[in-house]
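K.L.:
Going down the list, the sequences are from chains A, B and C.
Each residue of the first sequence is one higher than the one before, starting from 1 at the first, in this note's numbering.
Each residue of the second sequence is one higher than the one before, starting from 1 at the first, in this note's numbering.
Each residue of the third sequence is one higher than the one before, starting from 1 at the first, in this note's numbering.
It is worth saying that the hints were derived from the structure and are not from the lab.
A couple of the hints might just be wrong.
What the hints assert, rightly or not - Simulated coverage check for chain A against chain B, where a stretch passes if three residues somewhere in it have a Cβ under 8 Å from a Cβ of chain B:
1) 29–38
2) 46–57
3) 145–156
4) 201–210
Unchecked claim - Computed cross-link-like contacts, SDA-like style, restricted to lysine to any residue with a CA-CA straight-line distance of at most 20 Å:
5) A:32 with B:131
6) A:32 with A:280
7) B:106 with C:570
8) B:6 with A:280
9) B:131 with B:109
What the hints assert, rightly or not - Label pairs and their computed distance ranges (CB to CB):
10) B:113 with C:547: 38 to 48 Å
11) C:619 with B:113: 36 to 46 Å
12) C:616 with A:181: 51 to 61 Å
13) A:303 with C:547: 39 to 49 Å
Here the structure is a predicted model, which is why all the values come from computation and not from measurement.
Cβ coordinates follow ideal geometry from the N, Cα and C atoms, glycine included.
In case you want the letters, here they are:
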Amino acid sequence: MSGSGDYALALGQAGLCLALAPGLIGLIRWLKARMQNRRGAPVWQPYLELRKLFAKEVVVSTNASWLFCLAPYVVFTSTLAVTVLLPILTVPLPLDGVGDLLVVVYLLLLGTFFLALAGLDPGSPFGGMGSSREMTVAALAEPTIAMAMFALALGAGSTNLGQIVARAMDRPSEAVSPGYLLAFTALFIVTLAETGRLPVDNPATHLELTMIHEAMVLEYSGRYLALIEWASALKLLIFFSLLANLFVPWGVTRSPAAGGLLLAALIYVGKLAVLAAVVAVFETRVAKLRLFRVPELLSVSFVLALLAITASFLSR
Amino acid sequence: MLLFAKMLKVGMATEPLGPPAPDEADLLHLVREVSAESRRLFGRALAVREVDAGSCNGCEVEITGLMSPVYDSERFGIHFVASPRHADLLLVTGPVTRNMEVPLRKTYEATPSPKLVVAVGDCARTCGVFKGSYAVAGSVDQVVPVDVFVDGCPPEPAAILRGILTALRRPLRP
Amino acid sequence: MASVLFTVMVAAYGAGAAVALLAGAGPAARVLSAAGAILGAGAGLLLGGHALATGTVWGLGAPDVVSVAGGLLFRLDALGAFFLILVSMVAAPAALYGVGYSAAYAGRYSLRWLGAMLNLFLLATSLVPLADNVVTFLLAWELMSLASYFLVLTDRDEPETVRAANWYLGMTQFGLAFLLAAFLRLAGDAPSLDFDDLRGAAAGLPDAARGIVFALALVGFGSKAGLIPLHVWLPRAHPAAPSHVSALMSGVMIKLGVYGLLRVGLDLLGGGPQWWGVLLIGLGAGSAVLGVLYALMEDDIKRLLAYSSVENMGIITLGVGAAFLFQSLAMPRAAALALAAALYHALNHAAFKGLLFLGAGSVLHATGTRDMNRHGGLIHRMPWTGPCFLLGAVAIAGLPPLNGFFSEWLLFQALLPGIAAPSPLVAVLMVLALGMLALTAGLAAAAFVKCFGITFLALPRSDAAAAAHESPVTMRAGMVALAAACAGLAAGALPVLATTGTVAAGLFGLASEPPAFRLWLAFQTPAGLARMSPPAVVAGLIGGLAVVWLAVRVFASRRPLRYADTWGCGRVGQTARMEYTATAYAEPLRRIFSAVYRPSEDVTVDHHPESRYFVQSIAYRASILPWFERYLYEPVLAGVRRWGRRAQSVQTGSVHAYLAYVVGALVILLGALLVTGAP
Numbered sequence: 001m002s003g004s005g006d007y008a009l010a011l012g013q014a015g016l017c018l019a020l021a022p023g024l025i026g027l028i029r030w031l032k033a034r035m036q037n038r039r040g041a042p043v044w045q046p047y048l049e050l051r052k053l054f055a056k057e058v059v060v061s062t063n064a065s066w067l068f069c070l071a072p073y074v075v076f077t078s079t080l081a082v083t084v085l086l087p088i089l090t091v092p093l094p095l096d097g098v099g100d101l102l103v104v105v106y107l108l109l110l111g112t113f114f115l116a117l118a119g120l121d122p123g124s125p126f127g128g129m130g131s132s133r134e135m136t137v138a139a140l141a142e143p144t145i146a147m148a149m150f151a152l153a154l155g156a157g158s159t160n161l162g163q164i165v166a167r168a169m170d171r172p173s174e175a176v177s178p179g180y181l182l183a184f185t186a187l188f189i190v191t192l193a194e195t196g197r198l199p200v201d202n203p204a205t206h207l208e209l210t211m212i213h214e215a216m217v218l219e220y221s222g223r224y225l226a227l228i229e230w231a232s233a234l235k236l237l238i239f240f241s242l243l244a245n246l247f248v249p250w251g252v253t254r255s256p257a258a259g260g261l262l263l264a265a266l267i268y269v270g271k272l273a274v275l276a277a278v279v280a281v282f283e284t285r286v287a288k289l290r291l292f293r294v295p296e297l298l299s300v301s302f303v304l305a306l307l308a309i310t311a312s313f314l315s316r
Numbered sequence: 001m002l003l004f005a006k007m008l009k010v011g012m013a014t015e016p017l018g019p020p021a022p023d024e025a026d027l028l029h030l031v032r033e034v035s036a037e038s039r040r041l042f043g044r045a046l047a048v049r050e051v052d053a054g055s056c057n058g059c060e061v062e063i064t065g066l067m068s069p070v071y072d073s074e075r076f077g078i079h080f081v082a083s084p085r086h087a088d089l090l091l092v093t094g095p096v097t098r099n100m101e102v103p104l105r106k107t108y109e110a111t112p113s114p115k116l117v118v119a120v121g122d123c124a125r126t127c128g129v130f131k132g133s134y135a136v137a138g139s140v141d142q143v144v145p146v147d148v149f150v151d152g153c154p155p156e157p158a159a160i161l162r163g164i165l166t167a168l169r170r171p172l173r174p
Numbered sequence: 001m002a003s004v005l006f007t008v009m010v011a012a013y014g015a016g017a018a019v020a021l022l023a024g025a026g027p028a029a030r031v032l033s034a035a036g037a038i039l040g041a042g043a044g045l046l047l048g049g050h051a052l053a054t055g056t057v058w059g060l061g062a063p064d065v066v067s068v069a070g071g072l073l074f075r076l077d078a079l080g081a082f083f084l085i086l087v088s089m090v091a092a093p094a095a096l097y098g099v100g101y102s103a104a105y106a107g108r109y110s111l112r113w114l115g116a117m118l119n120l121f122l123l124a125t126s127l128v129p130l131a132d133n134v135v136t137f138l139l140a141w142e143l144m145s146l147a148s149y150f151l152v153l154t155d156r157d158e159p160e161t162v163r164a165a166n167w168y169l170g171m172t173q174f175g176l177a178f179l180l181a182a183f184l185r186l187a188g189d190a191p192s193l194d195f196d197d198l199r200g201a202a203a204g205l206p207d208a209a210r211g212i213v214f215a216l217a218l219v220g221f222g223s224k225a226g227l228i229p230l231h232v233w234l235p236r237a238h239p240a241a242p243s244h245v246s247a248l249m250s251g252v253m254i255k256l257g258v259y260g261l262l263r264v265g266l267d268l269l270g271g272g273p274q275w276w277g278v279l280l281i282g283l284g285a286g287s288a289v290l291g292v293l294y295a296l297m298e299d300d301i302k303r304l305l306a307y308s309s310v311e312n313m314g315i316i317t318l319g320v321g322a323a324f325l326f327q328s329l330a331m332p333r334a335a336a337l338a339l340a341a342a343l344y345h346a347l348n349h350a351a352f353k354g355l356l357f358l359g360a361g362s363v364l365h366a367t368g369t370r371d372m373n374r375h376g377g378l379i380h381r382m383p384w385t386g387p388c389f390l391l392g393a394v395a396i397a398g399l400p401p402l403n404g405f406f407s408e409w410l411l412f413q414a415l416l417p418g419i420a421a422p423s424p425l426v427a428v429l430m431v432l433a434l435g436m437l438a439l440t441a442g443l444a445a446a447a448f449v450k451c452f453g454i455t456f457l458a459l460p461r462s463d464a465a466a467a468a469h470e471s472p473v474t475m476r477a478g479m480v481a482l483a484a485a486c487a488g489l490a491a492g493a494l495p496v497l498a499t500t501g502t503v504a505a506g507l508f509g510l511a512s513e514p515p516a517f518r519l520w521l522a523f524q525t526p527a528g529l530a531r532m533s534p535p536a537v538v539a540g541l542i543g544g545l546a547v548v549w550l551a552v553r554v555f556a557s558r559r560p561l562r563y564a565d566t567w568g569c570g571r572v573g574q575t576a577r578m579e580y581t582a583t584a585y586a587e588p589l590r591r592i593f594s595a596v597y598r599p600s601e602d603v604t605v606d607h608h609p610e611s612r613y614f615v616q617s618i619a620y621r622a623s624i625l626p627w628f629e630r631y632l633y634e635p636v637l638a639g640v641r642r643w644g645r646r647a648q649s650v651q652t653g654s655v656h657a658y659l660a661y662v663v664g665a666l667v668i669l670l671g672a673l674l675v676t677g678a679p
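Kindly generate the complete structure, drawing on both the sequences and the hints.
P.N.:
Put into structure tokens, the structure is as follows:
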């Protein structure tokens, strides 16, 4: 069903995401640094860090098992697989029909599952704590993601990502409908929760008792750490892509011509930069929530998602 | 909104690192030449883990200053990490007390190769005012191999930064 | 052909039972009786496969047996064949596993009885989907219940086991009473008790009577399926039984509750009004969420798996309820899709729940305890059980590329059209059901990270875990067989889905094409096209993993791996005391859902004998409120006991009083006959 051109486009898309992801993290860090009135590292710093990590030695705990060594590959592969299924440059998707929204959500959950197991493997208390908290947050974020997705799918008639994007492009008035706006807010809160950003989790903290995602990764080094860091950057990119291209799809081209693809890529980078700025400002402004306040935040997002479905249903 | 108004008013707070003072050269002791491989690897991205081996926290205050907007170590690609497994360089302070001798050694073993150790402060090299105390096991180089000593009680953040950058033979401009 | 296979199946199970009873308790007898079971399961598998592949319906009558009630009658249609395949798929590996597992009972309990009961249980479970009249159905049903009661009672030295078996027996008989009532009401004026005649009689029943039949059947079959609030026997009986029996009960027997609901509700009654579907969806969603919430709090590995079965039965019932609902709304295609999703999930659950219980049995066999707080580090000492259990955990968490994900995906897609239904009540219900299904999926992933992670990873938390050994070869073979079944159901998702679609379509009177091999799964939803390609997902993930691994090998450093202590902030040494326990892992969720759990903590502090300022040990115990036992069962049972004691006053011990009772009853009976004018 898909020609070789489609496969090439899909691989190109994955490559683009892989290349952009560390830059996205670097941009957020740079913006936060400037808001803290300091120079900060250049935007391409994460690339240098990844290159260094791939060259470093790997130290593995004597208590860990083969799962510890397998987990970074599973996390990275599942996250990379998602980038192939996202509407980034073109609609319909190059590999249309292989996976839809639900496949995306569950592939991300696969990565979380293995990372949580890897946190338990070395037997350190911090790893166990990070694992327990991460699974709690992931479990509570699941219904919200599902509801937000279904609000979009209700409008488009299917969970197929290409179809959702196409419908939003065909009906611009829908993009500012209450259903879409509520779903956007709900999904934005979930993005912060799932990617471990403030106010749910501080990605730069050193205090183990406040960590959620970082605590599971304390034991990793060298190329394993590089894979996991890259995968978390990819996860952030994936959520940003969903926020950008599902809700503000203009810029995604319908024809895979070279000029159109280049323009689409540039617009896509622009949208990512805007979202990065929003997140950077938000992170600078808010303080981290206590762990047991996070469920309250996630229930708010769940209620918003429920309202989004109701609004979509009523405006059909 | 007050926050953003303040950000705009303060502007850029980072000061350029500048050349070392004339007498600062005596404060820096390069124990061994950092290998070319390490220099190439850590030139632009260095992860630092700070280890307090029994110091009075005077050096820690200065190291905290390193991360502040004025000295901003991050512009050189130097950032602090939460676990020695993530680190390339151990920043050790304090005379090594008996209770911290084993943890310091374990931290060094936990760090993946290639790794560097920079010992900060007079106490780290000579045990400073605590020399001969019953609670002190020895100077840092008696526990872990050290690459650079930065003297001072406490040394200025700029001196610490210059110490690290000189060891890596990096220019003092970001 | 079908008759031959049927005879082989019955004969093999029967021979297995006979061999077990007669041939003594030695290893040869165990192997032979298990061989009988495996042969019977194989015949059942072929029989079901033959029926589905050829699409023919096969029947067999034995009117001379039990002729007073109408004789035995068997019929194999698509639905029955599907469930027969489900039964046989788990029966063979479980029986194989039992050979090694039951060796642990040698000398303490009767292995003859265990082997015989196992074969009888499997025979009865295989006959239930084939039953075509009430007598056959109830006979097979009751044989299944009794045989499993004896199987649960295997380890009868433990008082817990005896209590669990009593609960189980009580619940099965309770369910049977309701089933009897349902069938009798359904039969009404029918000429015989054959299902064909019941179908005709049901068409003529008034709506109120149909509703009553459905409600009675729901109670009866729901208690077998483990739906809330009739689920309390599940977390008691499944952990108490031997592990291969638990696998069969959880994987196979409770599915027959769903089979019964489908047979009576859809086939015999032909569907019903909206409230049937709404009730099933409500019970299903409630069971799913409560099941997984209670599973998260468990420290006993088999109780965790039992509650997870409650959760999955809730999910399956959710799909079945959606099917009923769509049918009442005249959306037969959507109904068939929902039912196909539910059936596929049932098949998948049988495979991975069976696998998980067999794995838990291996762990129990190796360590001697079910308490996860005493396990740990088993992945190093049990190189076969670990990966098998991990596969089962990934499958049950509904993660790609395994089979659990595909059935959950299909269930989500099947429920989505409900949001667009004309009735707003139905739409709201569907939205809530979808939300609860998504919550269940997330919580199930958390529960199985806890289950696998605490049991198998990190350091051993007790000497028993440190001394654990891998299971014998038959146990390993059973687990690997079910793991292969899970992988096969995932890789072959499309043919399996097409088959369940055929089965479901047949029940709704839709024409069904024979399954054709395709790469893409695509079907029409009301406004668009839902598409996914299971083979592409599986191949993509596995291929991607290989590519990433190769790329890292090529581009990353060639330094060898170095092994060192776990980083613990420089502390000296690491013990198992520093790890997370099973209780601790679920603590955040215990706090978050405290409204449901009503947790209570018990902290006991032992001080040093010489000084109150030094603490010697602290024991922390967390428990949750058992809602159903406290507020439903205890009052009901207390009421029954009270009335029973009052009724005892009738037993005066005097012959004169008893004679008076007899005369009084006769007078009343004659009076009633005179009044109603009956001949």
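K.L.:
Evaluate each hint against the coordinates.
P.N.:
Right, here's what the structure says about each hint:
1. Counting residues of the stretch 29–38 of chain A whose CB lies closer than 8 Å to any CB of chain B gives 5, which reaches the minimum of 3, so the coverage claim holds.
2. Only residues whose C-beta sits within less than 8 Å of a C-beta in chain B count toward coverage, and the stretch 46–57 of chain A has 7 of them, enough to reach three; the restraint holds.
3. Requiring three or more residues with a Cβ within less than 8 Å of a Cβ of chain B, the coverage given for the stretch 145–156 of chain A is violated, as only 0 such residues are present.
4. Interface restraint, the stretch 201–210 of chain A with chain B: holds (3 residues with C-beta to C-beta distance below 8 Å; minimum three).
5. A distance of roughly 43 Å separates the Cα atoms of residue 32 of chain A and residue 131 of chain B; the hinted pair therefore is violated under the 20 Å criterion.
6. Of the supplied pair hints, the one linking residue 32 of chain A and residue 280 of chain A holds, its CA atoms being roughly 6 Å apart against a limit of 20 Å.
7. Between residue 106 of chain B and residue 570 of chain C the alpha-carbon distance is near 5 Å, which keeps this suggested pair within the 20 Å criterion.
8. Taken as a hint, the residue 6 of chain B and residue 280 of chain A pair is honoured in the structure, with Cα atoms around 17 Å apart against an allowance of 20 Å.
9. With a CA separation close to 26 Å, the supplied pair residue 131 of chain B and residue 109 of chain B exceeds the 20 Å bound.
10. Distance hint check for residue 113 of chain B and residue 547 of chain C: the Cβ-Cβ separation is about 28 Å, which falls outside the suggested range of 38 to 48 Å.
11. For the hinted restraint 36 to 46 Å between residue 619 of chain C and residue 113 of chain B, the CB-CB distance of approximately 44 Å keeps it satisfied.
12. About 59 Å separates the C-beta atoms of residue 616 of chain C and residue 181 of chain A, a value consistent with the hinted range of 51 to 61 Å.
13. Separation of residue 303 of chain A from residue 547 of chain C is about 42 Å and conforms to the stated range, judged on CB atoms against 39 to 49 Å.
In summary, the numbered hints that this structure violates are 3, 5, 9 and 10.
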